[in-house]
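Heads up: the protein sequence lines correspond to chains A and D, in order. With our numbering, the residue at position 491 of the first sequence is 491, and numbering never jumps. With our numbering, the residue at position 166 of the second sequence is 166, and numbering never jumps.
Calculated directly from the structure, the hints in this document are not laboratory data. Everything numeric in this text was worked out from a predicted model, so none of it was measured. Mixed in with the good hints there might be a few duds.
[What the hints assert, rightly or not] Lysine-lysine pairs mimicking DSS-like chemistry, simulated, CA-CA at most 30 Å apart:
#1 D:K7 - A:K47
#2 A:K275 - D:K8
#3 A:K275 - D:K7
#4 A:K273 - A:K314
#5 A:K309 - D:K8
So you can see what is in the structure, the chains are spelled out below.
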Amino acid sequence: MEEEFDVIIVGSGAGGAPVAHTLVNAGKTVLILEKGPLFLPQYQDDKGLSDFKRDELFATGSEKRITLSGVSNQGSSYYSSHVEPDLNDEPHIYQSADGTDKATLEGYTAQVVGGGTQLYGAVSLRFTETDFRLGSFNRDRTDILNDPNDDIRREAPDWPIGYNDLEPYYTKTEKLIGINGTRANQKKFFSADNYQTPYSPNPISRYVEVGMDALSLPRYRTPLAVITQDHAPSGRKVETDLSEPAKTGLVNRYGDPMGYKSNTWVALLSPIKDKDNFEIRCNCVVTHIENQASRISRVFYRDPCGDQKTVRGKIVVIACSAIESVRLLMLAARENADFAARINPNDLLGRYFLTHCFGGAETEMPDRFDKSVSLDSDWATDAFATEEFIRSKGLWAGGAVYNNTSDQALPISLARTHGSQDIDTIWEAFVADTAKTGSELLAFLDRDFGTRLSVSFMANQVPLRTNRIELHPTVVDKWNRPSAYIIKDWHPHDIYLMDTLAEQCKNILAFGGDNGIGNYPVEGFGAVYMASNARARIANHILGGARFGFSPDDSVLDVNCRAWGFDNLYLTDGSFMPTSGSANPTHTIQANAFRVADKILEVI
Amino acid sequence: MKPISVKKESQYVFNHCAKYLARDNSDIRHNFGQFTDNDPAARICESWRFPIIDSYSDGIDFETSYAFNTVTFIYPDFDRSVENVAVIGSFANLYEPMSLTRVENSCYFALSLLIPKGQVHTYQFLVDGVLKLDPINPQTVTLDNGKTWSRFFTEFCTVPLSFERWEMVLLDRLTDHILPFHTESGENFLDRYYENLDRAAKNAQFAHAYRLDQSVGVVNFIDKLLARSERHFLDDYHTCLDLTNSILRGRSVAEIAAMPKAMFVDIYAEMASGSVNGWDYTRYSNPRFFLQLLRRHTFTGAFAHPKYGGNSAASAWAFLEERYKSKVTGETLFDWGRVIEKPLGFAPNYHG
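Work the whole structure out from these sequences, hints included.
See the structure below:
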């Protein structure tokens with residue numbers, strides 16, 4: 001007799017953990033299947049050790065090389081984190097601008113309990129009210145620039161829920177996850193302020209304060225999912241024998257051995273881990289799901305030895321990050337025509353894949369600071385997400401702008417990201433810059449160590465049907481299953497939007513660096529579309545591909561993130577998003593997952 | 001004396017094995033030049049991670065525990081055909097066998113031992129009475145009696161494993177030229193730093209890190225990197241050091257260690273240009289590629305955590321700590337010690 005649970009959840013990150021937390025506390029039997037390991041923070045280990053370390057080589061490990069056949073970057077080097085999948089074993093393939101296929105590390109969050117929330121920078125912004133209704137906002141406009149084929153007015157969708165539907169869940173997430181920040185000057189309605197008090201900003205962020213003030217940009221402390229005080233819902237404590245102990249400079253791309261960073265394991269799953277009606281099976285990868293008519297009947301997975309197991313659930317929730325969730329559904333559809341007809345009647349599965357328009361400005365500031373005493377960001381502004389700003393620039397949507405404090409804070413990260421910002425090309429510029437040797441290398445450190453500051457934007461990308469996830473025709477993973485194939489490009493309006501927002505970021509530094517005059521030189525500003533691998537770039541914001549909507553004609557999922565063609569199949573990672581929002585997505589994925597969990601409780 | 005075995009949860013074994021070892025596909029996806037294609041290790045991911053070398057703590061005294069690593073031996077038995085697995089090795093007297101235990105009826109046998117840092121050991125598995133090399137770990141060594149054994153080394157190891165003495169001397173000169181420590185201010189700093197680490201401080205704080213011949217220990221870092229995680233570059237180093245040695249000896253009668261700095265400035269510049277006078281391109285086609293590799297390894301080795309064998313006594317971090325200070329308060333602008341574990345740093349609660 002196969003085991004049966006009320007709910008099986010595939011993935012333990014931002015999309016899966018809120019569902020588990022809610023349903024376990026409601027008394028339902030829940031099984032999480034998680035592909036990655038369970039790495040505990042020190043305070044949960046009986047010997048006081050964690051598998052996460054304060055070690056720069058954990059973020060980007062030893063050199064490995066792409067050996068896959070059929071990709072044009074075979075032989076290229078890559079350096080993955082200890083909790084990222086191995087690129088040769090579990091490749092993501094994208095179609096590059098030269099028409100060839102390439103393997104990329106982009107588009108994987110992390111393969112570990114907690115998923116991407118273990119490694120993320122923890123920026124936890126809400127989306128704006130406008131983000132939920134970009135269809136109606138743009139429908140009758142005649143002032144949108146750089147949209148030659150009128151794609152935006154045709155394609156921009158409203159979400160089937162509004163900001164007010166999600167607001168109580170934003171509030172809930174802020175409380176249960178453990179987020180510090182400030183509410184004043186955020187241009188969104190808050191029914192409650194659940195933020196913990198932020199730490200003092202790193203002194204280098206003073207330039208951002210000056211720049212934002214000079215430009216009359218209302219600023220607030222960037223909400224970060226890092227606890228600064230004891231956190232009752234998760235039972236976490238903040239040590240008091242070191243000042244502001246979570247500030248380490250080892251934030252973005254590092255797991256936190258102390259558990260201050262509010263990943264979903266410490267925040268949501270640890271409080272339920274000992275309950276009899278909850279189980280998490282780690283190192284178990286789901287390979288297949290099977291249906292009987294409109295019900296998902298069985299979930300197939302491999303145990304830590306690779307042996308095949310099956311399990312049944314009354315409800316099945318898939319939340320293993322948009323690309324992998326879409327792929328899992330496509331693999332099931334490939335095996336079974338009935339499944340295919342139910343999940344993909346209108347050829348929408350995998351379509352409207354999204355990431356963010358992102359970029360910014362960075363430069364060397366007049367003075368040096370200890371950037372290793374930092375979290376990921378200090379100041380943010382909503383000034384470029386207002387409808388007034390959006391209209392004034394002929395844009396279709398806006399974006400959040402915030403500074404990055406911890407990037408290049410440590411010596412190895414300074415060198416390996418010198419001249420390159422993404423994980424596919426790290427080290428390339430530094431090793432090729434052979435003039436940086438001896439006294440020239442010292443001059444480089446003198447100039448750049450502790451002096452560099454960046455301001456970034458994160459903005460909506462135009463949803464296009466042609467941007468999509470498919471199964472790759474030839475490349476397979478270590479389980480011999482076809483790999484995900486990412487086909488996407490930037491819309492002309494995306495490029496215009498990125499140029500416009502990069503300019504705003506540049507202005508903040510130009511005014512911040514010279515006390516509000518505005519002439520401070522800013523060396524670098526730009527956006528992701530300029531990169532040589534621009535089509536691969538995802539920033540680990542993996543969204544869309546199974547969007548929710550108003551009817552089976554326009555979407556894969558209904559308003560409650562249930563697949564239209566099934567009674568008991570839900571998707572709660574970023575794949576449900578019809579637009580990518582004007583902020584980092586994790587907070588919204590978590591809030592939506594809490595919302596969907598309440599909907600599941602109504603039917604189970 | 002037998003080393004102490006340490007109880008590790010089943011979860012620990014699964015956490016450190018499943019991603020790397022479990023699979024259906026048997027393509028050769030993990031051979032970057034370090035294996036022959038019929039080596040089973042070419043089919044699994046990051047085989048160098050085995051045996052698993054990890055931090056140790058007794059849960060009570062983190063600073064005395066810091067002298068040890070936990071070393072976890074894994075023997076995979078995917079077709080469940082094995083009854084007994086034991087390990088014999090140089091870490092136990094008389095090569096006394098120590099049994100691995102099957103983890104929760106799974107395919108993995110495991111045993112965790114407490115081994116002091118800074119050591120190198122050879123071992124074999126005894127699988128149902130038959131001696132075998134570790135089928136995963138690619139590190140092997142052929143002993144004087146001609147027998148091949150598996151090998152591992154613990155953190156802070158300074159025993160040369162990849163290079164011969166002359167190679168280390170030459171590599172020291174090349175890495176010196178890349179790093180900022182042989183600038184005047186760098187040399188001044190290092191002399192003072194090591195001098196000021198008195199014997200007591202060395203024993204207490206830096207028991208496993210002392211000044212090596214090479215500034216900040218980068219050569220030792222590269223030696224360990226090539227022995228384990230980037231073994232696929234070992235031939236690049238052997239070949240390019242040999243070629244460089246021949247060229248330099250053709251240009252001067254001095255010993256490598258005594259050659260003037262200008263000779264290394266010249267050969268560095270030639271390698272950067274890709275055109276080295278006297279280089280045998282049939283043996284190695286791209287000296288610039290080697291130089292770029294050396295740049296990454298050198299910078300990483302200087303500034304990585306000292307457990308990897310470079311950044312000796314955290315001297316490179318201390319260099320930045322001293323060099324960068326607030327003009328207003330005089331306080332350092334790289335306070336690395338506040339987040340790094342004791343006894344290396346002084347983080348009160350992080351244990352490394």
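Checked hints:
Between K7 (chain D) and K47 (chain A) the CA atoms are separated by roughly 11 Å; this keeps the pair inside 30 Å, and the hint holds. Straight-line distance between C-alpha atoms of K275 (chain A) and K8 (chain D) comes to about 23 Å, which keeps the hinted pair within the 30 Å bound. Between K275 (chain A) and K7 (chain D), the direct Cα distance comes to roughly 25 Å. Compliance with the 30 Å bound is thereby established for this hinted pair. The suggested pairing of K273 (chain A) with K314 (chain A) holds, with an alpha-carbon distance near 21 Å, which does not exceed 30 Å.
Distance check on the hinted pair: K309 (chain A) and K8 (chain D) sit about 25 Å apart at the alpha-carbon level, within 30 Å; holds.
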